[in-house]
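Residue numbers (the working numbering), protein chains in the order written: chain A, 532 to 674; chain B, 16 to 307; chain C, 708 to 1340.
Hints are not guaranteed to be accurate.
[As the list claims (entries may be wrong)] Okay, derived cross-link-like pairs now, DSSO-like style, lysine-lysine, Cα gap no bigger than 30 Å in a straight line:
{"no.": "1", "chain 1": "C", "residue 1": "Lys1121", "chain 2": "A", "residue 2": "Lys537"}
{"no.": "2", "chain 1": "A", "residue 1": "Lys667", "chain 2": "A", "residue 2": "Lys594"}
{"no.": "3", "chain 1": "A", "residue 1": "Lys598", "chain 2": "A", "residue 2": "Lys674"}
{"no.": "4", "chain 1": "C", "residue 1": "Lys855", "chain 2": "C", "residue 2": "Lys913"}
{"no.": "5", "chain 1": "A", "residue 1": "Lys673", "chain 2": "C", "residue 2": "Lys1273"}
{"no.": "6", "chain 1": "C", "residue 1": "Lys1272", "chain 2": "A", "residue 2": "Lys673"}
{"no.": "7", "chain 1": "C", "residue 1": "Lys1269", "chain 2": "A", "residue 2": "Lys667"}
{"no.": "8", "chain 1": "C", "residue 1": "Lys1273", "chain 2": "A", "residue 2": "Lys674"}
{"no.": "9", "chain 1": "C", "residue 1": "Lys1272", "chain 2": "A", "residue 2": "Lys667"}
{"no.": "10", "chain 1": "C", "residue 1": "Lys792", "chain 2": "C", "residue 2": "Lys915"}
{"no.": "11", "chain 1": "C", "residue 1": "Lys1272", "chain 2": "A", "residue 2": "Lys594"}
{"no.": "12", "chain 1": "C", "residue 1": "Lys1269", "chain 2": "A", "residue 2": "Lys673"}
{"no.": "13", "chain 1": "C", "residue 1": "Lys1272", "chain 2": "A", "residue 2": "Lys598"}
{"no.": "14", "chain 1": "C", "residue 1": "Lys1315", "chain 2": "A", "residue 2": "Lys659"}
{"no.": "15", "chain 1": "A", "residue 1": "Lys598", "chain 2": "A", "residue 2": "Lys673"}
{"no.": "16", "chain 1": "B", "residue 1": "Lys279", "chain 2": "C", "residue 2": "Lys1272"}
{"no.": "17", "chain 1": "B", "residue 1": "Lys79", "chain 2": "A", "residue 2": "Lys598"}
{"no.": "18", "chain 1": "B", "residue 1": "Lys79", "chain 2": "C", "residue 2": "Lys915"}
{"no.": "19", "chain 1": "A", "residue 1": "Lys667", "chain 2": "B", "residue 2": "Lys79"}
{"no.": "20", "chain 1": "A", "residue 1": "Lys667", "chain 2": "A", "residue 2": "Lys598"}
{"no.": "21", "chain 1": "C", "residue 1": "Lys1272", "chain 2": "A", "residue 2": "Lys674"}
{"no.": "22", "chain 1": "A", "residue 1": "Lys673", "chain 2": "A", "residue 2": "Lys537"}
{"no.": "23", "chain 1": "C", "residue 1": "Lys1273", "chain 2": "B", "residue 2": "Lys79"}
{"no.": "24", "chain 1": "A", "residue 1": "Lys674", "chain 2": "C", "residue 2": "Lys1269"}
{"no.": "25", "chain 1": "C", "residue 1": "Lys1272", "chain 2": "C", "residue 2": "Lys795"}
{"no.": "26", "chain 1": "C", "residue 1": "Lys794", "chain 2": "C", "residue 2": "Lys913"}
{"no.": "27", "chain 1": "A", "residue 1": "Lys537", "chain 2": "A", "residue 2": "Lys659"}
{"no.": "28", "chain 1": "C", "residue 1": "Lys913", "chain 2": "C", "residue 2": "Lys729"}
{"no.": "29", "chain 1": "C", "residue 1": "Lys915", "chain 2": "C", "residue 2": "Lys1121"}
{"no.": "30", "chain 1": "A", "residue 1": "Lys594", "chain 2": "C", "residue 2": "Lys794"}
{"no.": "31", "chain 1": "C", "residue 1": "Lys1272", "chain 2": "B", "residue 2": "Lys79"}
{"no.": "32", "chain 1": "A", "residue 1": "Lys659", "chain 2": "A", "residue 2": "Lys598"}
{"no.": "33", "chain 1": "C", "residue 1": "Lys792", "chain 2": "C", "residue 2": "Lys953"}
{"no.": "34", "chain 1": "C", "residue 1": "Lys1121", "chain 2": "C", "residue 2": "Lys855"}
{"no.": "35", "chain 1": "C", "residue 1": "Lys729", "chain 2": "C", "residue 2": "Lys915"}
[Unchecked claim] Now the stretches of chain A that chain C is said to cover, found in silico as 3 or more residues with beta-carbon under 8 Å:
{"no.": "36", "segment": "574-581"}
{"no.": "37", "segment": "585-599"}
Treat the hints as calculated values from the structure; they're not laboratory data. Even for Gly, the Cβ is constructed at its ideal location relative to N, Cα and C.
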Amino acid sequence: MSYVTKSPWIIHYDGSSCNGCDIEVLACLTPMYDVERFGIINTGNPKHADVFLVTGSINEQNKPVVKQIYEQMPEPKVVVAVGICATSGGIFAECYNVQGGTDMVIPVDVYVPGCAARPEAIIDGVVKGLGVLAEKRAAMEKK
Amino acid sequence: MDRITYIIAAVIAYLVLAPLAGGILAGVDRRITARMQGRFGPPILQPFYDVFKLFEKEGITVNKVQDFYVFCFLIFIIITGCFFFAGGDLLLIIFTLTLASVFLIVAAFSSNSPYAQVGAERELLQMMAYEPMVLITAVGFYLVYGSFNIYDIVAGSLPAVIYLPGIFIGFVYILTIKLRKSPFDLSMSHHAHQELVKGLTTEFSGKTLGLIEIAHWYENIFLLGFVYIFFAWNVGWSPVFAVLICLVIYFLEIFIDNNEARVKWQLAINSSWIAAASLGFVNMLVLYFLVL
Amino acid sequence: MSTLFFLILFPLVIAFALLVLKADQARGFVVKAAAAVTAVGSIYLAWQYFGTNGDYFAYESEAVTYGMMAVEIGLAIFIFVLGVKYKKYLASLLVIIQAPIMVWFELSYGHGIEVENNLFIDKFSIIMALIIGIIGSLICVYALGYMKDFQHHHHDQPDRRPLFFFLLFLFLSAMFGIVFSNNLVWLYFFWEITTLCSFLLIGFTKTKEATDNAFRAIIMNLLGGLAFVLAIVFMGVYYQTIELNKMLAMGMLGYSVVIPAALLAFAGITKAAQMPFSSWLLGAMVAPTPVSALLHSSTMVKAGVYLIVKLAPVLGLNPAGIMVMMVGGITFMMASFVAINQSNAKRVLAYSTVANLGLIVACAGIGSPAAVWAAIMLIIFHAVAKSLLFLCVGTAEHNIGSRDIEDMDGLFGKMPRIASYMIVGICGMFLAPFGMLISKWAAMKAFVDSGNIFLVVFIVFGSAATLFFWTKWLGKIMAIMARRENIESHVHSEEIMVLSTLATLTVLVCLIFPVLSAFMVVPYLASIYASVAPLAISSGNLYIMAAMLALVILMVIVGYGKTNKKIVPIYMAGVNAGDDLSFNGSIGQTLSVSLRNWYMESYFGERKMNIIGVLSTSVIIVGIFSLLLGGVL
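Work out the full structure: start from the sequences and follow the hints.
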């Protein structure tokens, strides 16, 4: 049994979001939803994190940043794109600065649509991500 | 039980049981904190899950030496604890603890990372803040029992706290710093999870971070041990009493943690040094007159 | 006895030889050979008198006494003239007062006093002789390479290196004289010679700053010299003896030698740059680094504490002892505070020296056997580690062009061996399980036992401060910075040899110190004290410390620098430019990361700390002397 699923630490990055999804992510940490029950901690440090929550779309300026943060995370790791902007650019998809969703830069494992994505949906997305995490850990172990 | 057997038994018990006890205490800490915040909280065994997960992560590091320093930190924290529970010399324990802490600070410095470096400077400041009080505590015990050895201190005829009330209060004050609780969690924060990103521990990951967590468990146990020796004396039931007091003090620390906001470093060092200079100094003065 | 003469006269002869040798090659050869001979000589001395409990030698000679007097008069005139020339009239004044008193005394009373033993040797003197002979010689060898660079940097000025090396060896000779003299007049003579050497060496670069600082040093030391003279006069007039051992014996029998003890302690305080006289040592940092290492950390200032430690049996709970204790304690705490605020490496080392000397002085002031044990161990460890640090800083300075700690980041990449030696030196100064920590431990216990809670407070806060400034320096040099080019090939081989020897010595001394204690220090204590109570630190703990050191060394050898983990960049909020040294700032700029240590000006500002230290110590000294004067009148 892998312990990664029992203690998933998240890092949350805001690409170019309106902050709506960010606030919903933080709301998950509040007493109302309390994700710490699942051992989830919001660590701001990629080196400590297992789950990368991205909100907002990708533009030229944050492309290298997202890539760098992703690369500094140790395996096994999953990426959860929270909100429709992170999934595909959302209603801003045709703006001149928006290049698209997170999967333009890094491989995404779970998409959580919504504008803003609801805390329940986010939690659900993270839990699905844990499943992927467990698979990745098993693959790592086989190597 | 003769001395040698006692030492071996104590050391083995410490080596095996301390991380378990420390981890459980950490879990209880998080649970109580969550309840105080109106949340549900993680399972009591969560710290263990965290550490096991960290050991499962890919091994990455920023240079070739920082993991070595962290490993030295762990080894010397364990050695400090072993000295403590073997009933050794208080000053030896304090100095070995200093050595261990310097290893951790140097590990953070070695990364040359902005967050880690500021975290390390703050950690160093915290050390400077609590060092006087800790040394005065040792001196206080010596003045009462004529010996720095813990073995002699717990065999006294009265609990130490009766002679050392001021020093005890001062010690609990700086215990907040050593346990890394608000308002003095400047260098790396457990509960708020982020201070200067992760402060001192920013560049550590995976197994290394896990080792630091385990080292903190070992450390917390012997820090509570310090509280214990204030309340132990040569009566049969005193160990139980002292352990209860330790738990009460630990709960008090959790309470303070949840009520206080982190302070600026100036306040941290000012208040700690004033506590040492006033509570510690006055207590020692009174003791000198009593001894005379 | 011939070994003693050899050790005093041989460096003197070499000094004069070096004064005339102008060629680099010849000088190099002579210095290295002389250093080796001196070192071997002191080791031979240690072996020869290994079992001594204090051997005293008569050696009568009118010629020597008159010769010394002639040299003293000559020196007095020399300093007087220089004082007038540079408008430092205080120096001239002090010399005008001091020299005639000495001469009058020697011609009137001095004749009548019968001196039984002029020279002596005991285990403490052996320890000092080993420090002077081994460490002093190593520093002279280091100076060869260093002064070559120095001359290169100052190529527009005349090459006065013959004078420089003359003064170094003259100084070594005088130091041997100090630790072998039992006759206080002889001691005074050699003492003043070291003052002269210090004066000329501080002013070596002949800049205005150097000259000012040289005069500051000599004025403060002359003040101490004056006190020395008064002490001799007192002993001669009241007790008809000018021998140190007789003075100590009288004191322990119950005769009051408080006044000469206080005066001699005052002389020691000025020589050891205790507050309020610490500014001369700070000013002396303008001199070339070998000077700072030799005179102003490991040897000359040790003469000051040597005298005070020798006086320890007659210090304790009397006015002289209390003055010494408190001055030492306050100096330790305040100097440690100021060191936090300094970024110039030599100034940090200077303040740290002042602080550690304060600790030694405070231990001597307490006067108990445990305290004196701590004092002697502190002398040994401090001499080795501090000289190592000064020389490392000197070498680093010549190669990176700065002596500021803030410019030493990444030193590990640029000069790995120098950085390693510096690390050994720094750890040796404050960290368990190295020796200084052990001595500080013993000192702490001695302070607690003495009943002086103020001392306990001083050492506790001072220790916290020393922890801070050493660790932040340590962190600075241990930072692994990317892309550091190794420039170590430019360092002279003599410098590397000396540094590695000193680093090895630092570690070795920490490993064998239980042996040192049992065979040298404890017998010395047994010979001067009636009963030697159990030492501050149990032998069990001493061996635990040695074992911990062995463990650290083993761990470093086995595990350092070995990892097969993937190396990733440091975290810079995702905008790391890729090289760990700079990041992508706003508007497309690339900015470099700059990390600075904390200096806490508002807490530990130099001016504020110095004012507090100087005021409090001055009040104590003036107060004690007023008390004593009142008692006499």
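A quick look at each hint next to the structure:
{"no.": "1", "hint": "Lys1121/C to Lys537/A", "in the structure": "violated, 45 Å"}
{"no.": "2", "hint": "Lys667/A to Lys594/A", "in the structure": "holds, 25 Å"}
{"no.": "3", "hint": "Lys598/A to Lys674/A", "in the structure": "holds, 25 Å"}
{"no.": "4", "hint": "Lys855/C to Lys913/C", "in the structure": "holds, 18 Å"}
{"no.": "5", "hint": "Lys673/A to Lys1273/C", "in the structure": "holds, 19 Å"}
{"no.": "6", "hint": "Lys1272/C to Lys673/A", "in the structure": "holds, 19 Å"}
{"no.": "7", "hint": "Lys1269/C to Lys667/A", "in the structure": "holds, 28 Å"}
{"no.": "8", "hint": "Lys1273/C to Lys674/A", "in the structure": "holds, 16 Å"}
{"no.": "9", "hint": "Lys1272/C to Lys667/A", "in the structure": "holds, 19 Å"}
{"no.": "10", "hint": "Lys792/C to Lys915/C", "in the structure": "holds, 13 Å"}
{"no.": "11", "hint": "Lys1272/C to Lys594/A", "in the structure": "holds, 27 Å"}
{"no.": "12", "hint": "Lys1269/C to Lys673/A", "in the structure": "holds, 26 Å"}
{"no.": "13", "hint": "Lys1272/C to Lys598/A", "in the structure": "holds, 21 Å"}
{"no.": "14", "hint": "Lys1315/C to Lys659/A", "in the structure": "violated, 62 Å"}
{"no.": "15", "hint": "Lys598/A to Lys673/A", "in the structure": "holds, 27 Å"}
{"no.": "16", "hint": "Lys279/B to Lys1272/C", "in the structure": "violated, 37 Å"}
{"no.": "17", "hint": "Lys79/B to Lys598/A", "in the structure": "holds, 24 Å"}
{"no.": "18", "hint": "Lys79/B to Lys915/C", "in the structure": "violated, 48 Å"}
{"no.": "19", "hint": "Lys667/A to Lys79/B", "in the structure": "holds, 27 Å"}
{"no.": "20", "hint": "Lys667/A to Lys598/A", "in the structure": "holds, 20 Å"}
{"no.": "21", "hint": "Lys1272/C to Lys674/A", "in the structure": "holds, 16 Å"}
{"no.": "22", "hint": "Lys673/A to Lys537/A", "in the structure": "holds, 20 Å"}
{"no.": "23", "hint": "Lys1273/C to Lys79/B", "in the structure": "holds, 10 Å"}
{"no.": "24", "hint": "Lys674/A to Lys1269/C", "in the structure": "holds, 23 Å"}
{"no.": "25", "hint": "Lys1272/C to Lys795/C", "in the structure": "violated, 65 Å"}
{"no.": "26", "hint": "Lys794/C to Lys913/C", "in the structure": "holds, 15 Å"}
{"no.": "27", "hint": "Lys537/A to Lys659/A", "in the structure": "holds, 13 Å"}
{"no.": "28", "hint": "Lys913/C to Lys729/C", "in the structure": "holds, 20 Å"}
{"no.": "29", "hint": "Lys915/C to Lys1121/C", "in the structure": "violated, 34 Å"}
{"no.": "30", "hint": "Lys594/A to Lys794/C", "in the structure": "violated, 70 Å"}
{"no.": "31", "hint": "Lys1272/C to Lys79/B", "in the structure": "holds, 8 Å"}
{"no.": "32", "hint": "Lys659/A to Lys598/A", "in the structure": "holds, 23 Å"}
{"no.": "33", "hint": "Lys792/C to Lys953/C", "in the structure": "violated, 42 Å"}
{"no.": "34", "hint": "Lys1121/C to Lys855/C", "in the structure": "holds, 22 Å"}
{"no.": "35", "hint": "Lys729/C to Lys915/C", "in the structure": "holds, 27 Å"}
{"no.": "36", "hint": "574-581", "in the structure": "holds (count 3)"}
{"no.": "37", "hint": "585-599", "in the structure": "holds (count 4)"}
Checked against the numbered hints given earlier, the structure breaks hints 1, 14, 16, 18, 25, 29, 30 and 33 and satisfies all the rest.
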